[in-house]
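> Next come the chains, spelled out residue by residue.
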Amino acid sequence: MRPPDFEFRLAGTVEEAIAALGGEDGTTALAGGQSLIPMMRFRLIRPSVVVDIGRIEGLGSIGSSDGLLEVGALVTTARLARSATVRSLSPLWAETASAIADPLVRNLGTVGGNLAHADPLNDLPAALVAARGHVTVAGPDGTRTIGSDDLFAGPFETALRRGELITGVRLPRGSGGAYEKMKRAAADYGVAAVAVQFAMDDGGRITQAGIAVTGGADVAARAAEAEDLLVGSDPRPSTIARAASATAASALMVTDDRGSARYKRELVKALAGRAIERAANRGGGT
Amino acid sequence: MRLTVAVNGVTHRVDCHPSTLLVHLLREELELTGTHVGCDTSSCGACTVILDGAAVKSCTVLAGQADGREIETVEGFADNHRLSPLQQAFADHFALQCGFCTSGFLMAATAFLRQNPEPSEAEVRKALEGNLCRCTGYQHIVDAVRSTRTPGDRR
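These protein sequences, in sequence, are chains B and A. Just so we're aligned, residue 1 is where the first sequence starts under my numbering, counting upward by one. Just so we're aligned, residue 1001 is where the second sequence starts under my numbering, counting upward by one.
Keep in mind the hints are simulated off the structure, nothing from the lab. Every residue gets a Cβ at the ideal spot worked out from N, C-alpha and C, and that includes glycine. One thing to keep in mind: the hints can contain errors.
Claimed, not checked - Rough simulated footprint, nothing fancy, chain B against chain A, three-plus residues with beta-carbon under 8 Å:
1) 1009 to 1021
2) 1041 to 1047
3) 1055 to 1062
With these hints in hand, go ahead and build the complete structure from the sequences.
Given below as structure tokens:
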């Protein structure tokens, strides 16, 4: 099935993209297209102008500075999953990347596109929230950064303004991180998933905790109570179990064709327990 | 829109509508029908081609995104009706029955084997997660892919 008609424009630079995206109503950015093109084919959206930002140079690098992992918006999720830099600076992001869709989709899908799409079932939003990362954004009024707690306004809605596009992501280094995802089939969306990132001191005590849930009513819901329970603790099985229960209690799950809300809350509890334990083991260096 | 694509080493200049998907460009404009449309929902991988070295679902790529790029399809494999080694391995291991998904599996496996010429069974299974087969139960496909164990440009 072909998508409905649209005008195709190629943006060669960030400036050209900003100008085109700030134009007429119904203009949308195309990066890898792995979410956008299916939605157009299914007539869920009908953009009148599609601006291909996928060939803009300078948005495809992975690096680090000041202890932050910096990932360009056009880095594919396949590259993210393979990168030794990502593996060493953010085990959570490396693990999340390799859990996205399937290898064919990962070869085209991008970091910026995955986040800007703000699908509650996409994986990177929870990884951004758990890592307390920021996105860098370019727009008609210059550049700005948006923190993970402010980026997602609701399902398929972000704080991006007209004419703005995500140019990259900055992630605090996380010593311990893990992503636990339950899928019904190898290449399906997840039923639910839990992202966890910790900073830990030399004594194995958690000094900072980030936990977020994929697959709920909200995009990448932060489990703040569970985080508070864990900070300052030395994660024993009883603490982990309490934090996992708190994660499930705070997640607003919905009944749909992937399961009932009640089932998904139980699932989140189990996934949270596994993710917290693995993240703590990694962060503690064991 | 006018665009240029190199398919299996041959450059084509085509005039197509922006809403044309890469799979339509290949099948309808260039009449290369070895690339199949299966689910048409980005799920099954029957439409897999290699785009600038990476295996992708051609039903989820706009023709404009492929402008100026190199595409490999299953038509590039057999040399004068002689099967490529990977195609022969699929035949030898009974890795196809109806054959509808086969070109997609061949493309995904080819791109994968170039990066990882001696994969474990688990690595092959991970690499083929984006391709569905309703006939074989996958084991024969995994066996065929592992049996080749050497990279090659034409596979």
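> Going through the numbered hints above, which ones does this structure break? Give me the numbers in ascending order.
none
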